[in-house]
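Here the protein sequences come in this chain order: X, F and U.
As numbered in the working numbering, the first sequence has no gaps in its residue numbers, which increase by one up to the final residue, 441.
As numbered in the working numbering, the second sequence has no gaps in its residue numbers, which increase by one up to the final residue, 441.
As numbered in the working numbering, the third sequence has no gaps in its residue numbers, which increase by one up to the final residue, 441.
Fair warning: there could be bad hints in the mix.
Identical copies look the same in the list; a pair holds intra-copy or inter-copy alike.
As the list claims (entries may be wrong) - Calculated cross-link-like contacts (lysine to any residue; reagent style SDA-like; alpha-carbon spacing at most 20 Å): (1) K321 with M64; (2) K66 with F319; (3) K208 with R171; (4) K44 with A127; (5) K105 with L414; (6) K105 with P133; (7) K105 with T123; (8) K66 with P320; (9) K321 with N438; (10) K66 with N346.
These aren't lab readings, by the way, just hints derived from the structure by calculation.
Here are the chains, one letter per residue:
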Amino acid sequence: MPHPISQTIYQALADIELVDPHTHINPHAPASKSLADLLGYHYYTELAHSAGMPKDQIEDDSIGPDELVARLVEGLWPIENTVQYRWFIEICRKLFDVDCRTIDSENLETITAAAADKFASPNWADTVLSRSNVRAVFLTNDFDDDLQGFDTAKYIPCLRTDDLVFHLAKPETRQRLTDCSGIELTGSLDSLRSALKQRFEHFTASGAKACAISLPPTFEPQQVSDGRAETAWESVLRQGILADDSHHTALSRFVFWTLAELCDEFGLPFDLMIGVNRGVYESGVFQGQDLYDSRVSLIQYKALFNAFPKVTFPVSVLASVTNQELVSYAWIFPNVVTNGHWWYSNTPSFIARDAMARLEAIPQTKQIGYYSDAYKLEFVWPKFDMYRQVLSNLLAEHFVGFLGWSEEQAIALGHRVLRGNVEDIFNIES
Amino acid sequence: MPHPISQTIYQALADIELVDPHTHINPHAPASKSLADLLGYHYYTELAHSAGMPKDQIEDDSIGPDELVARLVEGLWPIENTVQYRWFIEICRKLFDVDCRTIDSENLETITAAAADKFASPNWADTVLSRSNVRAVFLTNDFDDDLQGFDTAKYIPCLRTDDLVFHLAKPETRQRLTDCSGIELTGSLDSLRSALKQRFEHFTASGAKACAISLPPTFEPQQVSDGRAETAWESVLRQGILADDSHHTALSRFVFWTLAELCDEFGLPFDLMIGVNRGVYESGVFQGQDLYDSRVSLIQYKALFNAFPKVTFPVSVLASVTNQELVSYAWIFPNVVTNGHWWYSNTPSFIARDAMARLEAIPQTKQIGYYSDAYKLEFVWPKFDMYRQVLSNLLAEHFVGFLGWSEEQAIALGHRVLRGNVEDIFNIES
Amino acid sequence: MPHPISQTIYQALADIELVDPHTHINPHAPASKSLADLLGYHYYTELAHSAGMPKDQIEDDSIGPDELVARLVEGLWPIENTVQYRWFIEICRKLFDVDCRTIDSENLETITAAAADKFASPNWADTVLSRSNVRAVFLTNDFDDDLQGFDTAKYIPCLRTDDLVFHLAKPETRQRLTDCSGIELTGSLDSLRSALKQRFEHFTASGAKACAISLPPTFEPQQVSDGRAETAWESVLRQGILADDSHHTALSRFVFWTLAELCDEFGLPFDLMIGVNRGVYESGVFQGQDLYDSRVSLIQYKALFNAFPKVTFPVSVLASVTNQELVSYAWIFPNVVTNGHWWYSNTPSFIARDAMARLEAIPQTKQIGYYSDAYKLEFVWPKFDMYRQVLSNLLAEHFVGFLGWSEEQAIALGHRVLRGNVEDIFNIES
Ligand SMILES: [Zn+2]
Ligand SMILES: [Zn+2]
Ligand SMILES: [Zn+2]
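The shape of chain X in the complex, shown without the other chains:
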């Protein structure tokens, strides 16, 4: 049973207009155009596959969007218990105005019709934003994105750097970097540094508010001497992905460290999303192949956090078992802040325990409560709402019930982690 005043707090939090500090929204097609855009989200395809649907019944080119939806709807009943399923139902209820508890062959037609109506309405994306009480969302932009053709006050650019740190050995990555920066990548480190810096100039000039990267559990940032980095760079230029592992590691560290230096120079927070192993399930569906090794420690980031006291690092951890380290590092390091509840830790019971551990021990100014990680705008609302419900309960039980705070104080804390800190940490105008 939720605490009795949890509901009051929830209402107050629902009234807060949000800025979502991390999504994968495409600003040129932010909202869905069909149910296939929603049910094609990897959470549904991977769970339907995990529950028994063969991959070739989900991903074959011959499958049209209506057919995909029909198949998935048939394959989704085993996941009715999951919170991921719940997100979709909440979209139907909140955004499509369909009063359903499930999606199945009986109500599929109704839902499809209602959704089609909405998709066809003028400015559906803006409607979704406004009904979700969302002012702006952060994007995840490739480093060579031209950032043209959208409103950067509403769709806030963020420089995603995985390719630069981990895939510079691929000729196509280097070509993309040269093409967008206009800088020839020679054997000298200067050319690489200049190209990276040019990207920061481009992104910050276009309103970018963060640099971001996801990192495998084995990664350990270290400063690499120029001599060592040059050797690695030359080797990678010569041999590409066939270069020795030690060169890949050295180059990854060099590029990562250079990005941190540029974050320092350009005043950008550097979002670290720590812990993912890519491609663990090799035959999984698209975006449903990544898992992790929870044996990771923030001690691996000791050198980084010490070297860049002026760079703010919003840190996400993939496994809840790393959350206590995150709490402790954010408690001690001024430049480490906690950032949302990521991926496999983004389910109610993990959110509840991880958020509580943060709220009771870290300065309130150093906690970014949540981000949706959504690929389509429709998912921002149900995901944030899941968080809001968990948060309301924690505020009601611990802060009001246990500590004797007033409702107003509890709501103020909720406002801070939901909205205020996003503005302060990412330097967004309120």
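Place chains F and U with the ligands on chain X using the hints.
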């Protein structure tokens, strides 16, 4: 305070007839014959020892069953707070019809008399099964068990393979394998493969529904080439346990991989119980010596899960910190399902958090809620009942309270994880 | 909402006079003399720093105590949500009789005046003890402490051995050992052994009740042969901290093992506080630089626990993810007992889950519920009170609510973990 409708749900779950998918019951002596059989369970001897009873007061050959019970009863008061103690009290109340809260010198005579009455009654084992609402239990059979002389519909065989994977270097293990399979183990891998296959034929012909193994935290399954395996096999045949560690590892991996191939061929699920270190407390009582290193990851099983898409792997993890990985791997891999709450994670608070994390994120069809791991039938009931109570609370609070499900829906989910999935996953007739 | 009878249990627990089994109290100045003594506690300086106050505004020699308090009070609002802040407020309310919810520029004068009044009162330290219902506190004494000039029944000596195990390579440590023991440290191991033994004689003669040490996550106790130890000792004597790492490790292990032998000989429990990495945040404030790597396992202590069955090891773990191992090792090993909730795990949500896991599975006689770790007496009360509130809830919900215990039984269990076990395990007269 439990959620108000938790009790209704509990009642409905208690009415479900169970199939217990993992026990160590001896089908030739499934129920206890004396209180010593119950209090001699390692949970009581190891806890009494941990609380101060010297081992030689528990295990000396000169100690008769009555004497052992008298001693243990005296040594058990320090564990009255534990859930393990609670299991025994529940047996007294439910099966012996004694209304007690403790067992002590004052009521020992009463309990002994009541129990003796029951033990002497005709068909006590069947009475226990029926009062516990249990239809059948899985066994843990040595690979050379002849599986004769018991009703395999009630006592379902399961091929336990620890000895084959980890102790084939011992001459007695190889002798047992030769004796039961009728196949001479020569230096050729074929002989070993044939003997293993013969065991699968024997077990499946006798109604076995699973293959099972417990694994140390360091184990990492890998396919081993025939050449490498042959070298290892020859070395082990020649040197036994004195063979080089690398050969032991290679042979373990080869046998394990071969078992997985046979599970594939014979359509048996392969229960993996991951994480135990044997013999950590060298002077501990019988079965009270094993502990673990919680630094284990399912990434160690990446190759296995990818290589055998058609084999179902019901996975148990020893440490609750591994539960989130288990949730995530079961969420992504179609062939990974969660299996019960094992040993040191089989206490209410770990069950509650681990079960909740599963229920909110994994397809409902991929969760085997519980197994008792019991050595005597009497323990099936109190252990399952502990789980039922935790589960009822989660269903009431999260699914009915938070998600707005009906009681019927919640009970249906409970039925599935308690019974339905056991039938479906292990191919048991309902 | 707390369970209704949680409050009754809380009251009963608050009436229990405490012996605090681990603090850093200075017996020559046990209570605070100014608010700077309280707000100078590393929890406030490190959190204020983490929330944005530059270190040089906290630690410069030119900053007087009033100025420090004024600055910190200004810098503390971001941590009003934290439990560490709560400890201070509880001190104001309970010990200074100021009815406040925050400390800020508006009420600073009031609090300062009220506190000054108390600090100036005769026997303030004894008043704090009596208002906190505390009979005695354990100290943390340097190995060369003369233990003179205080009442060892109230301030119980404890031999802290970090310097001996980890800093014997520093000439000043060896000099201190020679000076206090009167034994010349030559290249022979005997001189070192004799000096260590002399310290045990001195400490036990002065009423010491425990030996204690904090250990990094990498430490793995092992017995070292005399030959190996001698080589290490000679090398360290010759080269000091420049000696090879292998020699430092061997010497640390030798000294640690010798301390365990002395604990055995002198009948002292050996407190192990496992998991801290010192100096991770190099520019942090005083005592605000230490963090950890949660990838530690008690399997590292297998040899130790097996070798010293007669030494009691009260074990604290820094990270909550190690708590389940601690529960399991205390469940199996007679000589392992759980000890309090240490440092980064000393916040309500971690205490709740870690304490519950212990209460449901470990003999009640093997759990030391809590220690304050306080540097000043004033903090003993609010820290223990936080624990008492969490404990009352667990006793009410699990033992009374779930198991049907009476209030009296639940209170008796609370008494045992709060007080009875401290007496029994550390051999304190009741
Ligand atoms: Zn993302
Ligand atoms: Zn078992
Ligand atoms: Zn301490």
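Okay, the hints, checked on the actual structure:
no.	hint	result
1	K321 with M64	between (49 Å within a copy, 13 Å between copies)
2	K66 with F319	between (45 Å within a copy, 15 Å between copies)
3	K208 with R171	within (14 Å within a copy, 52 Å between copies)
4	K44 with A127	within (8 Å within a copy, 69 Å between copies)
5	K105 with L414	between (34 Å within a copy, 15 Å between copies)
6	K105 with P133	within (18 Å within a copy, 62 Å between copies)
7	K105 with T123	within (15 Å within a copy, 53 Å between copies)
8	K66 with P320	between (47 Å within a copy, 12 Å between copies)
9	K321 with N438	within (14 Å within a copy, 51 Å between copies)
10	K66 with N346	between (43 Å within a copy, 13 Å between copies)
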